[in-house]
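Novice: The primary structure of each chain is shown beneath.
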Amino acid sequence: MVSEKKYLKANSVENALKLALEQKENFKFIAGGTDVLVNKFQGNETVDCLIDLSEIAEMRSISKEENQLKIGSLVTLHQLHQHPAICAEYKVLAEAAKSVASPMIRKTATLGGNLLCENRCSFYNQSDWWREAVGYCLKCDGEICIATGGKKNCFSKFVSDMAVALISLNATIDVAGSNGIATVKLEDIYTGDGVNPRRFEKTSIIKAINLPQNEGYKSVFKKLRQRESLEFSSLTTVVTVSKNGAVKIVLGGVDPKPVVVEGMLNNNKEDFIKQALKKARIVDNDVFTRKYRHEMIGVYLKKSFEEILTNN
Amino acid sequence: MKQLSIIINGKKHTVLVNEHEMLSSVIREKAGLTGTKIGCEQGSCGACTVLANGTPVLSCISPALRYENAEITTIESLSVNGELHQLQEKFVEKGATQCGFCTPGMVMTALDFVQQNPNPTVGEIKEALSGNLCRCTGYKKIIEAVAEYTKEQTGEKKEKNNSASVGTSRPYIEAGEKVTGSAEYADDITIKNSLHCKFLRSIYPHALIENIDTSEALKLYGVHYIATGKELPIKFGVLPISQDETSMAVEKVRYSGEIVAAVAADTEEIAASACKLIKVKYKPIKAFLEIDESLNDIGEHEKIHSYGKFNNNIHKKAELRFGNQQEALKEADVTSKLSFEFKGISHGFTEPHAATAYWDENGLTIITATQVPHYLHRALAKVMQVPLNRVRVIKPYVGGGFGGKSDPFPHEIIVSHIARKTGRPVRVRLSREEVFITNHGRHPSKMTVEMGVSKDGLLKALDADIAIDGGAYGSFGVVTSYYNGVLLQAPYRLNNFGFCTYRVYTNKPQCGAMRGHGAVNSRFAVECLIDELAQKINMDPCELRMKNFLVSHTLTVGQYRITSNGSRESLKKVMEQSDWKKRIGKIEFGKGLGVGCGFFISGSALPIIWNELPQSVVHLKVDFDGRVVISSGASDIGQGSDTMLAIIVGEVLGIDMNRIFVLAADTLLTPVDMGSYSSRVTFMAGNAAKDAAEKLKQEIINAVTVAKKCSADELNFAECSVFSNDKTVDLSWDEAIELLTAKRGAVSVSGKYISPKLGGDFKGAGAGLSPSYSFGACIAEVDVDVETGYVKVKNIWGAHDCGKAINPLAVEGQLEGSWHMGMGQAMTEQMKYFNGLLVNNNFLDYKIPTTLDTPDIHTNIIETIDPEGPFGAKECGEGAIHPVIPAIANAVYNAVGVRITKLPISAEDVLKGIKANQVLQNKISL
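Order-wise, the sequence lines are chains A and B.
Quick note on the working numbering: the first sequence kicks off at 1 and runs consecutively.
Quick note on the working numbering: the second sequence kicks off at 1001 and runs consecutively.
Derived from the structure by calculation, the hints contain no laboratory data.
Errors might be hidden in some of the hints.
[Unchecked claim] Just some of the chain A residues that point at chain B, by a computed CB distance under 10 angstroms: (1) 30; (2) 70; (3) 87; (4) 91; (5) 127; (6) 265.
[Said to hold, decoys possible] The calculated lysine to aspartate or glutamate pairs, modelled on EDC-like cross-linking and capped at a C-alpha distance of 16 angstroms, are: (7) A:202 x A:25; (8) B:1832 x A:284; (9) B:1912 x B:1785; (10) A:6 x B:1068; (11) B:1915 x A:284; (12) A:291 x B:1908; (13) B:1455 x B:1656; (14) A:98 x B:1127; (15) B:1586 x B:1540; (16) B:1002 x A:4; (17) B:1276 x A:307; (18) A:202 x A:45; (19) B:1276 x B:1213; (20) A:64 x A:132; (21) B:1794 x B:1579; (22) A:98 x B:1124; (23) B:1012 x B:1083; (24) A:291 x B:1787; (25) A:6 x B:1019; (26) B:1303 x B:1319; (27) A:28 x B:1019; (28) A:302 x B:1785; (29) B:1337 x B:1450; (30) A:5 x B:1269; (31) A:9 x B:1019; (32) B:1002 x A:48; (33) A:28 x A:48; (34) B:1276 x A:25; (35) B:1160 x B:1656; (36) A:9 x B:1068; (37) B:1792 x B:1856; (38) A:291 x B:1909.
Quick caveat, the model's predicted, so the values are computed rather than measured.
Where a beta carbon is used, it is the ideal one built from N, C-alpha and C, also for glycine.
Please model the entire structure based on the sequences and the hints provided.
Specialist: Set out below in structure tokens:
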């Protein structure tokens, strides 16, 4: 009845990958663990083996390389918003980091972990008893989505505020896997399927996050939440304009994946908003209604453009 | 299992841990350091904060094995050689600890912060503490403590405040224990050889139980007993008229989450695993989840409770009418009628329910987090079928209650039962989710209220139609039904007043008493309507209120005896402080000020269980050592009642805290007190303590006058001495006690409080009767983002007439906590259900405001000296929550012209209102 639990500590990326292969499928990597362990407490995460990455030193540094800033994925959100280079050059990252959860959680939660934070839904983030009582939903191996009253798709919301900010800055990630290290665009790992929201091998590790430098980014970050602390996002928007006038809008909290809209600064702003609204598949799985979150996308983007233009 | 070596507070521990065990469990259970608290198990409350290698971590979500050879610092290590850390000293001195349950985590978080940032701004302090929830203080005194600490780190030790004098602020007597983590709460106390209890809960809101099969679960190694409802068929409930609950469902379940079976096993994990092996066959039947459904005839369906002559789920109808409302409404120059809707609210105390029960030659003993040891005592005797003299209820430190620990609870009865069956102590701690579904919180309500006013601003009539959603059982609901109505007959003179309240059963967790019991929502409605009426007759809403306040020493229309009344002074104070007169009507769009007033009972004049016992009894004993032992059944749940009793006794006898010891809330050792609810303790237990102290003083006077041959009226009691005016008699306290105890030994006296006979002789006249009423006012300031509808509360100015502040520091703490809690209901808190299942059953989704959400709170104590209160005192723990919620809503109206009729105030509704107004404006301007 009580199955064998394991807790393994990896001391290097190679070691972590090796441990992962040994465990076959029944494991989960944890970094800070602030998301995985809560999901485990709730019975949503049931793996028997946890592989702790938090002591891998090589994944903890922030370094400037040619044309890019490399942030180790184990950098905590607290370190991130305190870091001088981040605050100076990528203020939006610091803002996003400071908006996550609470100060105490940010001291443990890592950047990499936040990017892989599990999608959320009022009908999923519940105890096992609760989910049994409501009738297990799609995301817990059930038949239908309860939030939408019976659809066959899962619309659990994407909640990584860090990903929203990073994608707008055209971040790439270094993924360590069995075939070595591959560098991919961050937005490419998100599938849009609420049940399996990441196109990401279970045995892979995000080693670092790379940010292009000298792009002259100007960004505006906004997050809809009821309290000013201790909240997951109900809608996060980042609008980034680069020095060549390229606009990248990213939304979180309103779709199973980050919603990305791109264009040029001289494009019609209303078109940007229309595209964003069209792409965001919002359902009533949050404390704010679907309708209100929908409406706020327009309001936030409009305000963001105003702020970017007035700050120019 | 794996071996873990870990250094906790400098001591090396080598322990066996389950691979996925959390650090909190190692600290509490393996190292026995229970100062680290478990409040939510999900990293959302901060109570479990410790330092790991110098960095703060939430130990409830930190895997223990991560900390191999790490140095862990817990709250227990902060004080050195019995000397508190200066930060702890500040928490004590500033009154930053009330129930004390969040305190260890708060101190650890603050400690790390001040080490990183020795000169912070207040904003930075708020930010740093915004992951630690406190439900008692409103954070104000915590922030002050941290701010003062950073300014003053001089290392100078202040003289310990030993005073016991009425009107002088002093920390709680137990504050030191709370800031060091040594105060023991129910779950911190381990009785050896205990079994652990876990519950299987219903997955249906309304279903017949056809069969329960426990056979597989019983086979699990380590399972000792499985109890089901049939073993405990006797019904209980806090009110004699609502004995409608069993500790486990017997034939059917009435809400999702109701306990169906209970397992006692060697460990919590085994008990939990066994619960999953119990097979229950249910036959779901039609569930009633909304007020309207339950009000109506239910046709062929089965009622939630079978009793009652009508074919609906109405539990109680309460109606009272005075004067002629309809006539008065017709005659009024202006009337307003609005409908309101309120969600359920949870007490949100940080300490989850916990209890341990055992039986021995003295019968049953239960150590439990309760506000009402006496009512639990009675309920246990009834359900266990043992004489009252075989039950002992002990209340340890309690981590907040707010009404949520004021009923006898199923878990208390179940562990008592299994302890008897197994002959072993049985312990239980509810998870945060279980705490939420145990509920007993504020009733979801709907109401339509109409009021009329004359052109010159005199209130003419009030009529309220109210329906409240009681959930599956009675609890305090009958009282709640009346309070919704009767507590509207003040603070304004109303000659034509009436209400009708229906309380319905629904298939949801039961509702009961919560801070401001019964009248919080209806007060909101009335204060918003007054705002509306003021608007219509073009009068300043403060002025309108001033015109209508009841005077002091009068009767209300329903024959409440109003004694001292500080309404006017309270409102005047907050008007001055907020610069109301200069600002109102001249504030830019999007910003606003709003006002609300209120009043509340200082204890119910009538006992819940009709009997001739006094409402409070306090014993004092003094022996040769000169220490006065106060023995009281009153429950200190963080509101400071133990300290209040000590101050009263100290004041009467002229002695300091070193000569006083408070023994409280143990039904074997302390006399009966009804408990901590309805804001009765200061008035009633305080009066009993005063009565007892005066008797003891008389005994001393008798002894001294005989021995010293002096006259009684010459003797003074002050500064730990007994002396005559001319100092011919000048005895130290100890010398006086030597005279008292000579040839007699220890002296015990008993004091009591019995409420005077009050009220009218009509049916329902007893509801809301109190020997005294408190009064108060709030003004709130808000900013509204007109593009998003988001409301930010900027300031709360509050004033409360508590008669006399026995301990001003504690009174401020109660007021600030009330205003903060009210702000939570106004802004973010609600119990959200889906098909009868509570959706937001944790501290992440049930949104208690954090430090960052809490505005500047400006606290004012108004003193009016009640003629019958101890030294003039009346309540301060609940009434202050009434005015703050409507003050915020009225400020929103003032800011953007949107009338709030639903709580919590939603940005979406505000935005809708703003847009509707704009459409209207455009039409008008066309």
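Novice: None of the hints should be skipped; say for each whether it holds.
Specialist: Results of checking the hints against the structure:
1. Look at residue 30 of chain A: its Cβ gets to within about 8 angstroms of chain B, closer than 10 angstroms, so that hint holds up.
2. At its closest, the beta carbon of residue 70 of chain A sits 24 angstroms from a beta carbon of chain B; the interface hint therefore is violated under the 10 angstroms criterion.
3. Look at residue 87 of chain A: its Cβ only gets to about 15 angstroms from chain B, farther than 10 angstroms, so that hint breaks.
4. Among the interface hints, the one on residue 91 of chain A is violated; its C-beta lies about 17 angstroms from the nearest C-beta in chain B, farther than the 10 angstroms criterion.
5. At about 6 angstroms, the closest approach between the beta carbon of residue 127 of chain A and any beta carbon in chain B falls short of 10 angstroms, and the interface hint on this residue holds.
6. With 10 angstroms as the threshold, the beta carbon of residue 265 of chain A stays out of range of chain B, its nearest partner Cβ sitting at about 22 angstroms, so the hint is violated.
7. Simply put, residue 202 of chain A and residue 25 of chain A have alpha-carbon atoms about 8 angstroms apart, close enough for the 16 angstroms limit, and the pair holds.
8. Distance check on the hinted pair: residue 1832 of chain B and residue 284 of chain A sit about 13 angstroms apart at the alpha-carbon level, within 16 angstroms; holds.
9. A C-alpha spacing of about 12 angstroms is found between residue 1912 of chain B and residue 1785 of chain B, which places the hinted pair at or below 16 angstroms, so the restraint holds.
10. With a C-alpha separation of about 15 angstroms, the suggested pairing of residue 6 of chain A with residue 1068 of chain B holds against the 16 angstroms cut-off.
11. Simply put, residue 1915 of chain B and residue 284 of chain A have alpha-carbon atoms about 23 angstroms apart, too far for the 16 angstroms limit, and the pair is violated.
12. Under the criterion of a C-alpha separation no larger than 16 angstroms, the hint pairing residue 291 of chain A with residue 1908 of chain B is consistent with the structure, at around 9 angstroms.
13. Note on residue 1455 of chain B and residue 1656 of chain B: the hinted pairing is violated, with a Cα-Cα distance of about 57 angstroms set against a maximum of 16 angstroms.
14. Between the alpha carbons of residue 98 of chain A and residue 1127 of chain B the distance comes to roughly 10 angstroms, so the proposed pair stays at or under 16 angstroms and holds.
15. Restraint check: the Cα-Cα separation between residue 1586 of chain B and residue 1540 of chain B comes to about 12 angstroms, which is no more than 16 angstroms; the hinted pair holds.
16. Under the criterion of a C-alpha separation no larger than 16 angstroms, the hint pairing residue 1002 of chain B with residue 4 of chain A is consistent with the structure, at around 11 angstroms.
17. Restraint check for residue 1276 of chain B and residue 307 of chain A: not satisfied, since their Cα atoms lie roughly 55 angstroms apart, outside the 16 angstroms limit.
18. The hinted pair formed by residue 202 of chain A and residue 45 of chain A meets the criterion: a straight-line CA distance of about 14 angstroms does not exceed 16 angstroms.
19. For the given pair, residue 1276 of chain B sits about 11 angstroms from residue 1213 of chain B by alpha-carbon distance, which is consistent with the 16 angstroms threshold.
20. The hinted pair formed by residue 64 of chain A and residue 132 of chain A fails the criterion: a straight-line CA distance of about 49 angstroms is larger than 16 angstroms.
21. Taking the CA atoms of residue 1794 of chain B and residue 1579 of chain B, the gap is about 14 angstroms. The hint holds against a cut of 16 angstroms.
22. A distance of roughly 13 angstroms separates the Cα atoms of residue 98 of chain A and residue 1124 of chain B; the hinted pair therefore holds under the 16 angstroms criterion.
23. Straight-line distance between C-alpha atoms of residue 1012 of chain B and residue 1083 of chain B comes to about 23 angstroms, which puts the hinted pair past the 16 angstroms bound.
24. At roughly 15 angstroms between alpha-carbon atoms, residue 291 of chain A and residue 1787 of chain B fall within 16 angstroms of each other, so this suggested pair holds.
25. The straight-line distance between the Cα atoms of residue 6 of chain A and residue 1019 of chain B is roughly 6 angstroms, inside the 16 angstroms bound, and the hint therefore holds.
26. Among the hinted pairs, residue 1303 of chain B with residue 1319 of chain B is inconsistent with the structure: their alpha-carbon atoms are about 23 angstroms apart, more than 16 angstroms.
27. At most 16 angstroms may separate the alpha-carbon atoms for a hinted pair to count; residue 28 of chain A and residue 1019 of chain B meet this at roughly 14 angstroms.
28. Between residue 302 of chain A and residue 1785 of chain B, the direct Cα distance comes to roughly 14 angstroms. Compliance with the 16 angstroms bound is thereby established for this hinted pair.
29. For a cut-off of 16 angstroms, the pair hint linking residue 1337 of chain B to residue 1450 of chain B stands: about 4 angstroms separates their Cα positions.
30. Of the pairs offered as hints, the one joining residue 5 of chain A and residue 1269 of chain B holds, with about 13 angstroms between alpha carbons and a cut-off of 16 angstroms not exceeded.
31. Of the pairs offered as hints, the one joining residue 9 of chain A and residue 1019 of chain B holds, with about 12 angstroms between alpha carbons and a cut-off of 16 angstroms not exceeded.
32. Among the hinted pairs, residue 1002 of chain B with residue 48 of chain A is consistent with the structure: their alpha-carbon atoms are about 14 angstroms apart, no more than 16 angstroms.
33. The straight-line distance between the Cα atoms of residue 28 of chain A and residue 48 of chain A is roughly 8 angstroms, inside the 16 angstroms bound, and the hint therefore holds.
34. Between residue 1276 of chain B and residue 25 of chain A the CA atoms are separated by roughly 25 angstroms; this puts the pair beyond 16 angstroms, and the hint is violated.
35. Distance check on the hinted pair: residue 1160 of chain B and residue 1656 of chain B sit about 12 angstroms apart at the alpha-carbon level, within 16 angstroms; holds.
36. Taking the CA atoms of residue 9 of chain A and residue 1068 of chain B, the gap is about 10 angstroms. The hint holds against a cut of 16 angstroms.
37. Under the criterion of a C-alpha separation no larger than 16 angstroms, the hint pairing residue 1792 of chain B with residue 1856 of chain B is consistent with the structure, at around 12 angstroms.
38. For the given pair, residue 291 of chain A sits about 12 angstroms from residue 1909 of chain B by alpha-carbon distance, which is consistent with the 16 angstroms threshold.
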